[in-house]
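Given only the sequences and the hints, what does the whole structure look like? Please build it.
So the sequence lines, in the order shown, correspond to chains A and B. End of the first sequence = 284 in the working numbering, gap-free, step of one. End of the second sequence = 355 in the working numbering, gap-free, step of one.
None of these hints come from the bench; they were simulated from the model. One should not assume that every hint holds.
Pulled a few chain B residues facing chain A out of the computed Cβ check, cut under 7 Å [to be verified]:
hint	residue
1	T63
2	M70
3	T79
4	N81
5	E84
6	S173
7	D342
Ideal Cβ positions, reconstructed from N, Cα and C, are used throughout, including at glycine.
Chain residues, written in single-letter form:
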Amino acid sequence: MRRRPLLPLLLVAPAALLFLVFFVAPLVTLAINSFYDYSRMRGIIEVFTLKNYQRLWLDEYYLAIIGRTFRLSGTVSLVTLLVGYPIALYLIVATPRAKSIVIAMILSPLLVSVIVRTFGWAVIMGKNGLVEQAFAAIGIPDIAFLHTEAAVVVGLVNVLTPFMVLAIATSLQSMDPSVPLAATSLGAGPWDLLRRVLLPLSLPGITAGLLIVFGLSSASFVTPAVLGGSQFKVLSVIMYQQAVVLQNWPFAAAVAVTLMVIVLVVQGIQHRVSERGGPQAMIP
Amino acid sequence: MTTRRMGRRAATGLLGAAALGMRPRRAAAANEVVFASFGGAVEQYFRKTLMPQFEQETGIKVTYVVGTAMSLYSRVLATRNRPEVDIYWANDLLHIAGKQAGVYAPLDAKAIPNLDKLVDGARQPGEMGVMSQVASTGLQYNTEKFRQAGWQKPTSWLDLWDPKFKGKVALYSINVLYSQELLALMAKLSGGSEANIAPGLKKIKELKDMGNVSAVAGTPAEMDNILAQGQAWITYNGCNRGLSARLSGAPLDFVNPKEGAIQYNLFLDPIKGGPNPGPAMKFIDFLIRADIQAKIAENIFYGPVNREAKLSPEAAAVLPYGPAALKALVQLDREVMNRELDSWLDQWNRVIDAK
Numbered sequence: 001m002r003r004r005p006l007l008p009l010l011l012v013a014p015a016a017l018l019f020l021v022f023f024v025a026p027l028v029t030l031a032i033n034s035f036y037d038y039s040r041m042r043g044i045i046e047v048f049t050l051k052n053y054q055r056l057w058l059d060e061y062y063l064a065i066i067g068r069t070f071r072l073s074g075t076v077s078l079v080t081l082l083v084g085y086p087i088a089l090y091l092i093v094a095t096p097r098a099k100s101i102v103i104a105m106i107l108s109p110l111l112v113s114v115i116v117r118t119f120g121w122a123v124i125m126g127k128n129g130l131v132e133q134a135f136a137a138i139g140i141p142d143i144a145f146l147h148t149e150a151a152v153v154v155g156l157v158n159v160l161t162p163f164m165v166l167a168i169a170t171s172l173q174s175m176d177p178s179v180p181l182a183a184t185s186l187g188a189g190p191w192d193l194l195r196r197v198l199l200p201l202s203l204p205g206i207t208a209g210l211l212i213v214f215g216l217s218s219a220s221f222v223t224p225a226v227l228g229g230s231q232f233k234v235l236s237v238i239m240y241q242q243a244v245v246l247q248n249w250p251f252a253a254a255v256a257v258t259l260m261v262i263v264l265v266v267q268g269i270q271h272r273v274s275e276r277g278g279p280q281a282m283i284p
Numbered sequence: 001m002t003t004r005r006m007g008r009r010a011a012t013g014l015l016g017a018a019a020l021g022m023r024p025r026r027a028a029a030a031n032e033v034v035f036a037s038f039g040g041a042v043e044q045y046f047r048k049t050l051m052p053q054f055e056q057e058t059g060i061k062v063t064y065v066v067g068t069a070m071s072l073y074s075r076v077l078a079t080r081n082r083p084e085v086d087i088y089w090a091n092d093l094l095h096i097a098g099k100q101a102g103v104y105a106p107l108d109a110k111a112i113p114n115l116d117k118l119v120d121g122a123r124q125p126g127e128m129g130v131m132s133q134v135a136s137t138g139l140q141y142n143t144e145k146f147r148q149a150g151w152q153k154p155t156s157w158l159d160l161w162d163p164k165f166k167g168k169v170a171l172y173s174i175n176v177l178y179s180q181e182l183l184a185l186m187a188k189l190s191g192g193s194e195a196n197i198a199p200g201l202k203k204i205k206e207l208k209d210m211g212n213v214s215a216v217a218g219t220p221a222e223m224d225n226i227l228a229q230g231q232a233w234i235t236y237n238g239c240n241r242g243l244s245a246r247l248s249g250a251p252l253d254f255v256n257p258k259e260g261a262i263q264y265n266l267f268l269d270p271i272k273g274g275p276n277p278g279p280a281m282k283f284i285d286f287l288i289r290a291d292i293q294a295k296i297a298e299n300i301f302y303g304p305v306n307r308e309a310k311l312s313p314e315a316a317a318v319l320p321y322g323p324a325a326l327k328a329l330v331q332l333d334r335e336v337m338n339r340e341l342d343s344w345l346d347q348w349n350r351v352i353d354a355k
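Below you can see the structure in the form of structure tokens.
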């Protein structure tokens, strides 16, 4: 019997070990917890129950929150794509100097702590803030922008755009530079070039970007909590309230597992679609 | 073969490294204590003044673990099998909750001579923790805006419902103690009780529906911001926050409403199985000593429980201090609050936070 080479396994061992100990094991604990019972007077009761999932899935109130969470993530993903795609396109033609400046600019939100950044937005969007003044200047006074879904979308797009831009730019850059040239010399106008050459070739990047942004925004907490206000409830906010304020870890775990399962399902579908579609499918 | 041996050695090294990283808790040093409590002004004052003084007097070094009352409590619960914290300093509600959960240890009364100098009610049955400070929740308003509008200062909790405050009132999120207290108090004032909060909920819903509420703060820091930006002119707050804002020169004043400000208390609780029980008792004794109680009252604005603590007239006038002031405070049934908290939050989410 041939012995399996050990070295390849060893190469992935550190990462695998880290992943197992700090990612898989906590997730398993979380999943187990979500089936435990809880009462405020007795704490966590380690018996199997479906109570937490029933409470979450059979209540219109929570179903609306699930819906809102994924509507928010969907909106943020699409807006990030619209904002990020032109930047990614620009990056393939930019001079190295311009490129590094643009990359530094889009990465800059990530360098600021989420708390500082979010409270910064709260000041800009809040009463007498920049947004209000701008609207007042064009004749729309008394606009309340802070604590709306739009405010949350703006806050999330601000920080998630780099993920989209870098994902798309990577796939555009792996394209042979002569491809767009060839298309143009064969008579493709800018629109045809975008629709029939660039978009299909960058589809893997778009998919990756959408997946990352969707996942990150569905799990974001500080931005919806601060910019959305107390009325804007998403799953992460409910999780915080249940886990930290009420110590109802089993219910919080059930919310977390639900969030994770839905994100995984969405990612699975998107992956299948883009795998099957591929670049050719976009070309009529 | 060689590869295999190399591999095995590497694996051993790796495990060794992992083991090093996960070494067991430091052997409890006799001169250390881990104290967990709020951030902000409280933490500043502890770090700058109280901790150095304690270290100088006893040679015991204090480690301050900072967080919100709730997040620290969650941490205490999560680490109950391997406690990292010696003393947890928070309010009644978490004192009751933690006692119920069995995460606190009793005090060693012999090691805490200052226990004998406390006001009635501060010592707990079975020495389970000790009430270390008295605080109150009252109204806070913007003196400048009120003066400009020609309004009198607020005198009653029900002033929040005054139609002239349309778009001027800030609420706290129900995750914050002050809102849980407002809910209980409004229930009581509207014919309900801690066990029947429906009337209170209805009353606060009314406040929202009439358009008085212009902002909801998720944290005290956010409330500071809302008041500073003029997004709201009146709200309710803890006396410590109200008084420190006033002293910082902000045009904000704190008032005790005529129905009474709501009394809440701070408790020092030793954590069961904490790494440094001996030093913990010493630090608790230090914190309830008369001079330190007075210092805390004058600088971070929590009323003392040590009978011998002497306050300046300014602090004595506004803090819950002395029999008359204490008698004027409203008491809430914290046992019921703790028991019903899940249901309160759920109802508030659905009724008050609904669009």
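Fill in: Given hint D342 (chain B) near chain A, where the shortest CB pair must fall under 7 Å
Status holds, d = 5 Å.
Worksheet item: Are N81 (chain B) and chain A close enough, Cβ to Cβ, to be under 7 Å, as the hint says?
Response: Not OK, violated: N81 (chain B) not within 7 Å of chain A, min 13 Å.
Fill in: Interface hint compliance - T79 (chain B) to chain A, C-beta minimum distance less than 7 Å
13 Å, violated
Discussion item. Checking hints one by one. Is E84 (chain B) an interface residue toward chain A, by the C-beta closer than 7 Å rule?
Written reply: With Cβ-Cβ at 17 Å, over 7 Å, it is violated.
Worksheet entry | Evaluation of the interface hint that places T63 (chain B) against chain A, nearest CB under 7 Å | This hint is violated: T63 (chain B) lies away from chain A, its Cβ roughly 22 Å from the closest one there, beyond 7 Å.
Worksheet item: Regarding the hint that S173 (chain B) lies at the interface with chain A, is the smallest CB-CB distance below 7 Å?
Response: At 5 Å from the nearest chain A Cβ, S173 (chain B) passes the 7 Å test, so the hint holds.
Item to complete: Please verify that hint: M70 (chain B), Cβ, nearest Cβ of chain A, below 7 Å or not.
Response: This interface hint holds because 5 Å falls under the 7 Å limit.
Hints 1, 3, 4 and 5 from the list above are not met by this structure, while the remaining hints are.
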